[in-house]
Structures are given as structure tokens and as C-alpha cells.
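Let the sequences and hints guide you as you build the complete structure.
Single-letter residue listing:
2 protein chains.
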Amino acid sequence: MSKQQFYLGIDMGGTNIKIAIVNSSGSVVEETVLETDIKAKPADVIKSIVSKSSKLKNYHKVKSIGIGIAGDINFLDGSVRFSPNLPMWKNVALKGITEKLTKKKVFVDNDANTAAIGAFWLDAKGKAVNLVCVTLGTGVGGGLIFDKKVYRGSSYTAGEIGHITIEPHGIKCKCGNRGCIETFVGAKYISEYAKQYLKKNKSAAINKLTNGSHCGITPKILSMAAAEGDKAAIAVWKYVGEKLGILLADVLNFINPDTIVLCGGVSLAGKYLVEPVKREIKSRAFASAVKECKIIVSKYTSKLGVVGAAMLPKQ
Amino acid sequence: MSKQQFYLGIDMGGTNIKIAIVNSSGSVVEETVLETDIKAKPADVIKSIVSKSSKLKNYHKVKSIGIGIAGDINFLDGSVRFSPNLPMWKNVALKGITEKLTKKKVFVDNDANTAAIGAFWLDAKGKAVNLVCVTLGTGVGGGLIFDKKVYRGSSYTAGEIGHITIEPHGIKCKCGNRGCIETFVGAKYISEYAKQYLKKNKSAAINKLTNGSHCGITPKILSMAAAEGDKAAIAVWKYVGEKLGILLADVLNFINPDTIVLCGGVSLAGKYLVEPVKREIKSRAFASAVKECKIIVSKYTSKLGVVGAAMLPKQ
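Taken in order, these protein sequences are the chains called A and B. Just so we're aligned, residue 1 is where the first sequence starts under my numbering, counting upward by one. Just so we're aligned, residue 1 is where the second sequence starts under my numbering, counting upward by one.
Treat the hints as calculated values from the structure; they're not laboratory data. Keep in mind that a hint or two might mislead.
Between beta-carbon pairs, the in silico distance windows are [as the list claims (entries may be wrong)]:
| id | chain 1 | residue 1 | chain 2 | residue 2 | range |
| --- | --- | --- | --- | --- | --- |
| 1 | A | Gly212 | B | Lys174 | 45 to 55 Å |
| 2 | B | Gly96 | A | Val129 | 21 to 31 Å |
| 3 | A | Lys282 | B | Asp72 | 15 to 25 Å |
| 4 | A | Met88 | B | Lys291 | 23 to 33 Å |
| 5 | A | Lys47 | B | Asp72 | 54 to 64 Å |
| 6 | B | Lys294 | A | Asp77 | 23 to 33 Å |
| 7 | A | Lys125 | B | Pro313 | 53 to 63 Å |
This one's a predicted model, so the numbers in the text were calculated from it and none came from an experiment. The beta-carbon is built from N, C-alpha and C at its ideal position, and this holds for glycine as well.
Have a look at this one:
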């Protein structure tokens with residue numbers, strides 16, 4: 001039997017930094033977390049991460065480090081050109097600095113790709129061939145695995161699934177386009193739709209959860225209300241699921257993947273989101289492509305980034 | 001210097017069967033053509049093709065044969081389950097029969113993939129990395145080259161770009177979906193749009209080309225009229241180009257290719273189609289993806305299929 005391999009993963013978020021050591025099938029062996037100091041100098045943040053990581057029991061067995069971070073990442077040289085969550089991080093040689101401090105091989109990629117790798121190892125158990133991972137949160141991100149490898153595109157911007165148009169004359173998106181899927185299923189757009197919906201429809205459950213102020217509606221509250229059987233919340237998820245279904249039918253016809261994984265906060269609506277998604281896909285996509293593809297809500301949303309980062313060298 | 005390699009390609013269409021021997025950079029060395037007998041037994045058609053091919057001067061130097069054909073093709077065993085242009089062809093072991101007759105290695109693929117391979121070798125000179133080929137004709141087909149290899153998807157149906165939705169509540173497409181791009185830019189839909197447009201707008205050029213009967217409008221006539229400076233024809237191509245641009249902006253954001261090749265009869269509208277396509281893309285897609293991608297109208301539309309078929313073994 002071959003000796004067990006260990007990989008260190010780091011998921012750099014705007015609130016906290018997750019650190020984990022995983023084995024060669026993607027299972028977490030050890031983990032820790034660090035609060036993100038968004039005002040600190042990047043070099044100091046990297047030092048803290050290395051210091052925290054090196055206290056893990058299995059750290060000395062780790063040969064490589066993978067780091068996932070939101071933003072514009074130069075995958076080739078492992079530098080961070082810009083990160084929306086970390087305003088101090090501009091043109092930071094993340095790979096170079098970390099390699100110097102740790103003497104280990106470092107890989108850096110954006111968080112949509114690390115989420116896809118995480119979904120490949122955790123949700124698909126490493127068995128998918130062509131997988132599309134859709135992160136549903138404030139924004140809508142996408143990561144692509146084709147033939148078991150991350151597909152990054154010709155200038156490393158592939159997977160911008162949130163900015164596929166589903167209503168050509170829809171509202172303007174922050175990206176400049178109109179009617180992007182993000183303007184229907186991004187968290188704040190869901191909340192906005194729910195507020196409008198509740199002007200014409202009543203919901204005792206949502207009123208209770210928001211103390212009567214619909215300004216406080218979030219996808220999380222809508223999920224809670226739906227789980228209580230609230231009709232208005234279920235209707236909002238139906239609307240969101242149908243829009244997402246239009247997008248995913250396009251993905252099925254174009255890419256013919258064997259697996260689509262939905263993750264991120266909005267995906268926690270579970271069946272209230274996924275059932276209308278599946279109905280819409282069935283009514284729109286090619287039957288052979290529908291038959292081939294499993295649509296999964298990730299069971300590991302909070303771990304995908306850190307596990308996917310750790311597994312970067314295996315891609 | 002290594003010895004020149006020769007590849008035989010066969011492009012099986014509903015009207016004729018193109019046969020060519022190409023060299024290792026995809027240039028045609030020798031070619032011939034055979035009329036398609038759609039009523040003949042498939043085994044007899046294959047015999048005729050082999051007989052015709054074997055008369056080519058360089059045939060004895062050919063090591064492999066590639067065949068492209070429209071329809072539902074089992075890429076793995078090289079059988080034709082169904083071909084819309086050849087009603088007699090149902091579950092035909094095209095690869096098996098041809099290998100038996102020729103004693104050469106045979107590859108079979110659908111015509112959207114062979115067109116993409118042809119575009120890769122002829123239009124992109126074998127230098128593209130990620131290429132999307134869009135065939136614009138009666139239908140709208142797509143072939144995908146990722147990392148210099150054909151991407152076929154998990155059940156070999158990837159690339160159905162004609163059935164990506166651009167108007168979710170648009171008219172019903174023959175595939176069952178609504179508002180597919182094919183319902184805007186498929187040849188008969190372009191003709192239909194032009195007929196409607198001409199009810200409210202006049203065009204002396206189109207009247208002349210159709211002898212006053214708008215029933216005879218085709219994309220070819222619209223291209224001829226546009227080339228004469230006809231305003232109505234140019235307006236129709238602007239409409240078609242804008243719709244196609246919405247689709248291609250999605251492709252850029254999602255796949256980030258370095259090359260998009262437009263081919264097929266409708267693409268012969270040239271700049272009247274491509275200029276509005278490019279404007280629409282620029283207004284919708286990520287600037288970095290737009291900057292990376294060349295949008296090309298194929299200069300080799302009639303040869304892509306046969307050259308791509310020949311080059312199948314090189315993929």
C-alpha cells in the first residue's frame with residue numbers, strides 16, 4: 001500500500017480564512033480557522049496563515065499548499081491582481097511569498113474553481129468526468145471540470161455562469177450586461193423579488209421571521225419559511241428555480257455534463273429550489289442530456305473551498 | 001525530415017459525399033465527390049465510397065479514414081444510430097463495415113465536430129487552444145475544441161449551441177424548448193423575419209432578386225441584396241447579428257475561448273452579420289474575454305467537414 005498523502009488547503013474569505021489538511025480522497029483530516037483582518041498588509045496576513053497552519057499536527061507531512069481566493073487571480077504565477085473581499089490585496093505575489101515562507105510547493109486559484117474541485121472530490125467522490133459547479137450566493141459563480149481537470153479558458157476567466165443572459169432586455173447587471181442570471185438568482189435580487197411578491201401576497205411565517213419588516217428578508221429567511229410550509233416563500237423559490245432551470249438547460253445542451261453541483265448559501269433552500277429547477281430543465285433541455293446529468297445540492301457547501309484548494313495540485 | 005502523413009476524409013451529406021486526402025497540416029492534396037443516393041442501402045453506399053476513394057492517386061499512402069455525418073452517432077463504436085439526411089441509415093456499423101473493406105483504421109463523428117476540427121486546422125491553422133465553431137444553416141450546430149481536443153460531453157451530445165435559450169418565452173422550437181437561438185438565426189427563421197420586415201419596409205433589390213415574390217427570400221438573397229447596399233437586407237442582418245451576439249456573449253463569458261469560427265451558408269453574409277455580432281458581444285461580455293477572442297467567418301465553409309473528418313485521428 002502506498003503511503004497516505006496529505007494536502008494543505010487555505011480558503012481565503014472576507015470574514016475568515018479556513019485552513020485544512022486533507023487526504024488524497026479529499027477527506028478533512030485536521031482543520032482550523034483564522035479571522036480575516038482585511039486592513040492588515042497582505043504579507044502579514046500570509047505570515048499569520050503560515051504560522052497557524054504550521055501548528056497543525058500533520059503539517060510536517062504536507063508536501064503542497066493550495067490557496068483559493070475570490071477575485072482576479074493570475075493562475076500561472078499565483079499572484080492576486082485584485083480581490084473584491086480584500087481591498088488591500090493588489091498585485092500580491094501570494095504563491096511566491098508563501099513558497100518562500102514554507103519551502104513547500106504552492107498553488108493559487110480563484111474560489112469558483114476551488115469550489116468546483118471541492119464538489120468533484122466531496123459531492124461526486126472523485127467520480128464525475130464533466131462537472132459544472134454553480135455557487136449561489138450574493139453573486140453567482142461557476143467552476144468547470146472537463147475530463148476530470150479544471151477548465152479555465154484562454155485567459156483564465158471561464159465559468160462566469162452568473163453573467164449568462166436569460167432575459168436579453170432584463171435589468172442592467174453590475175457587469176454591464178442586461179438580464180444576467182445573477183439579476184434573478186443573486187441573493188439580493190431574490191430578496192428584492194420576495195419584497196415585491198409580498199406586497200400582493202401575505203405570509204405570516206415571513207412576517208414572524210422578519211418581525212414584520214420585509215427589509216430584513218434574506219434567502220435564509222425564505223428557506224426557513226418554506227421549510228415551515230409557507231406558500232409565499234415556496235412561490236418565491238419556484239420563481240427562482242425556474243429562472244435557474246433556464247440557465248441549467250442551456251448548460252446541459254451546450255456542455256452535456258454528468259454532474260451539476262449547486263452550492264453556496266442560496267442552495268440551502270434545497271428541494272424548494274431544486275424541484276422547479278429540474279422541472280424547467282426537463283421541459284427545455286435534450287432528453288439524452290437530462291438523463292445523463294445528476295443535479296446535486298452540495299452537502300458540503302462550507303468545506304468545498306478549503307478542500308478544493310487543498311486538492312489543486314491533484315488537478 | 002519526417003515523411004509526409006496522409007489522411008482520408010469523407011463528408012457524408014444529403015446531396016453529395018465529399019472525399020479528400022489531406023496532409024498533416026490539413027491542406028487538401030487530392031479530392032473528389034460522389035452524388036448521394038439516399039435510397040441506396042448503406043452497405044452499397046459505403047462500397048461506392050471505398051471504390052471512389054481507392055482511385056485517388058495517394059490512396060495507398062493513407063493510414064486512416066475519418067468520416068463525418070449528421071445525426072446521432074455513437075462515437076465509441078463508430079455506428080450511425082440515425083441520420084436526418086439519410087433515412088435509410090439506422091443502426092449502421094459504419095466504422096466496422098468500412099474497416100473490413102479498406103483494412104484501414106476508421107473514425108466516425110458527427111458533422112458539427114468535424115466542422116470544428118476543420119475550422120481548427122484551416123481557419124485557425126492548428127493554433128487555437130479553445131475554439132467554438134458555430135455552423136449557421138437550416139439548423140444551428142456547434143462543435144467544441146477545448147485544450148486542442150474535441151470536447152464531446154458525457155453522452156456525446158455536447159455543443160448543441162442552436163438550442164441555447166435567448167428568449168425564454170419565445171416561440172416553440174422543434175426541439176421542444178422555447179426561444180432557442182435557432183428560432184432566430186436558423187435559415188428559415190431569417191427568411192420568415194425578412195418577409196415580415198418587408199411588409200412594412202420596401203426593398204427594390206430584394207424585389208428584383210425574388211421577382212417580386214417574397215416567398216422566395218433566402219439568406220443567400222439577403223446577402224446579395226446587402227452586398228448591393230440594400231437597407232432592408234442590412235437591417236435584417238443587423239437583427240440576426242444582434243441575436244447571435246447575445247448567444248456568443250454567453251459563450252465568451254462561460255467558455256472564454258480564443259477563437260469563434262462562424263461557418264455554414266448563413267455565415268456568407270459576412271460583415272453584415274459579423275459587425276452587429278461584435279457590437280452586441282462588446283456590450284454584453286466581459287472585456288477580458290472579448291479581448292482574448294477572435295471572431296472569424298470561415299473562409300473554407302465547404303471544406304471544413306471533409307478536412308475535419310480526415311483530421312479526426314489527430315484529435
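Status of the hints after comparison with the structure:
In this structure the supplied range 45 to 55 Å holds for A:Gly212 paired with B:Lys174, their Cβ-Cβ distance being about 51 Å. Under the hint 21 to 31 Å, the C-beta atoms of B:Gly96 and A:Val129, about 26 Å apart, fit the expected range. Restraint check, A:Lys282 to B:Asp72: a C-beta distance of roughly 20 Å satisfies the suggested window 15 to 25 Å. In this structure the hint that A:Met88 and B:Lys291 lie 23 to 33 Å apart at CB holds, the actual value being about 27 Å.
Here the CB-CB span from A:Lys47 to B:Asp72 is close to 58 Å, well matched to the stated 54 to 64 Å. For the pair B:Lys294 and A:Asp77, the beta carbons lie near 25 Å from each other, so the given range of 23 to 33 Å is met. Hint check: A:Lys125 to B:Pro313, Cβ distance near 34 Å, so the stated range 53 to 63 Å is violated.
The structure fails to meet hint 7 from the earlier list, while all remaining hints are met.
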